[in-house]
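Letter by letter, the chains look like this.
Number of protein chains: 2
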Amino acid sequence: MKTLVVVSHPEINNSQTQQFLLQGAKLLDVTRHHVEGLKKIDVDNEQRLLMEADRIIFQFPLYWYAAPAGLKNWEDKVLTRNFIYGDGNDNLMDKEFGIVVSTGMPLKEFQRGGSENITIDQIMAPLRAIADRAKMKVLPVFTIAQFQYMKEEQQMQLLIDYQRYLTQEYPDTLSRREEWFEREFSDRLKNFDETNCTECETILNTFIQQKEDLEQLKSTISLIKQGEDD
Amino acid sequence: MKTLVVVSHPEINNSQTQQFLLQGAKLLDVTRHHVEGLKKIDVDNEQRLLMEADRIIFQFPLYWYAAPAGLKNWEDKVLTRNFIYGDGNDNLMDKEFGIVVSTGMPLKEFQRGGSENITIDQIMAPLRAIADRAKMKVLPVFTIAQFQYMKEEQQMQLLIDYQRYLTQEYPDTLSRREEWFEREFSDRLKNFDETNCTECETILNTFIQQKEDLEQLKSTISLIKQGEDD
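Order-wise, the sequence lines are chains U and X. Okay, so the first sequence: first residue is 1 according to UniProt numbering, each after it adds one. Okay, so the second sequence: first residue is 1 according to UniProt numbering, each after it adds one.
Rather than coming from a laboratory, the hints here were simulated on the basis of the structure. Worth double-checking, as some hints may not be accurate.
[To be verified] Using C-beta positions, here's what the derived DEER-type ranges look like:
1) X:Ser219 with U:Lys108: 18 to 28 Å
2) X:Asn14 with U:Asn89: 17 to 27 Å
3) X:Leu22 with U:Gly86: 22 to 32 Å
4) U:Asn89 with X:Thr119: 18 to 28 Å
5) U:Glu182 with X:Thr119: 41 to 51 Å
6) X:Gln111 with U:Gly227: 43 to 53 Å
7) X:Tyr170 with U:Gly86: 36 to 46 Å
8) X:Gln111 with U:Gln111: 23 to 33 Å
9) U:Asn205 with X:Gly114: 54 to 64 Å
Glycine residues also receive a C-beta, built at the ideal position from the N, C-alpha and C atoms.
So here's chain U without its partners, still in its complex pose (with noise of 0.2 Å):
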């Protein structure tokens, strides 16, 4: 699967959330576009990278309840309604299209009498109805808020939380996970120094043999449900 990740951010080298998502994705197999950073929009190159992924992510920080004015304008002319569906075109139909948004609010403010008083679903609703209009699959929004509150594990797990929404097959299940966590070990193994090596297999070991046990228990609660539906 191929993955598009446009990032908008118009000051993203002091950004600290875009910055810690940049070295997650960096460890990745994933095209990473940054719409500030372009000299000029060519719009065939961008709607050619388009066209070319199966996942299309928009990342950006909430600024007034939408993207920054980059990415619209970004939107406003790489999008053009031929390329989306005019003239019976449907160059990203089926695609994925997912958001990662970062907020320096808490997430609790996000709803009505809520300071923001709007949740994070309706902010997002014209940037689904584009993919809606495109024919893609919408996947749920990727929300990151108050991220220089994190502790050190909180960031961790979001780093892997955000690997697997950049390249993991959705719908989301535990065994998609398992697959995930399988092979992205097994690639980073080999890239690892000689030294590590041990540990870092047992560990790949002891993953796998953990999931087998699950899949033992998996099918030995279905016998059980089989039993109670008799």
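Model the placement of chain X on the given structure of chain U, informed by the hints.
What follows is chain X alone, placed relative to chain U:
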């Protein structure tokens, strides 16, 4: 009442709708401000304009279920957190916020199952959230659908409705409409050639006479209703 119309359109001279609205706004005592026409966004000056207004209108064509990038750029620069709500500030509190949006799609497509599959109200939720954050009073959206297909009579009706949206007291009631028409008609009479004045004054007097008849009718109906309640 002072009205500020913040207009966003990347090619305003080529837009029939915007040129038509411009003619309508010229007859009124409103400040009109084209964001893409600004050489540089002077944040202090823009904030001063906003603070001087009683009613602030954002006017733009719908591009991908949102305002054009130019307006978002203006928002991201001018609407600093500190200006809108930071530090206990409430510079825009109790001012009215309205939206004039034009679209080339028929209005009926803006609903679930329509080709746009999203309502105008849902599309405008992020802008309304800014107004909520600033403790402004939100006016209903003024939507102009398929201006290019309107007959002359429909366009004239649109012009009046638009002018009322910019300057009539809110909420819209019959008596406020009457008041607005009488005031605007008298004002415009003053700018007419002497030659036309007799006919115009007749119209104005007829209008005032009918308004009085209507008042009479209303009190009669009111008496009948009282009778029903007894």
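Of the hints stated earlier, which fail here? Violated: hint 1 alone.
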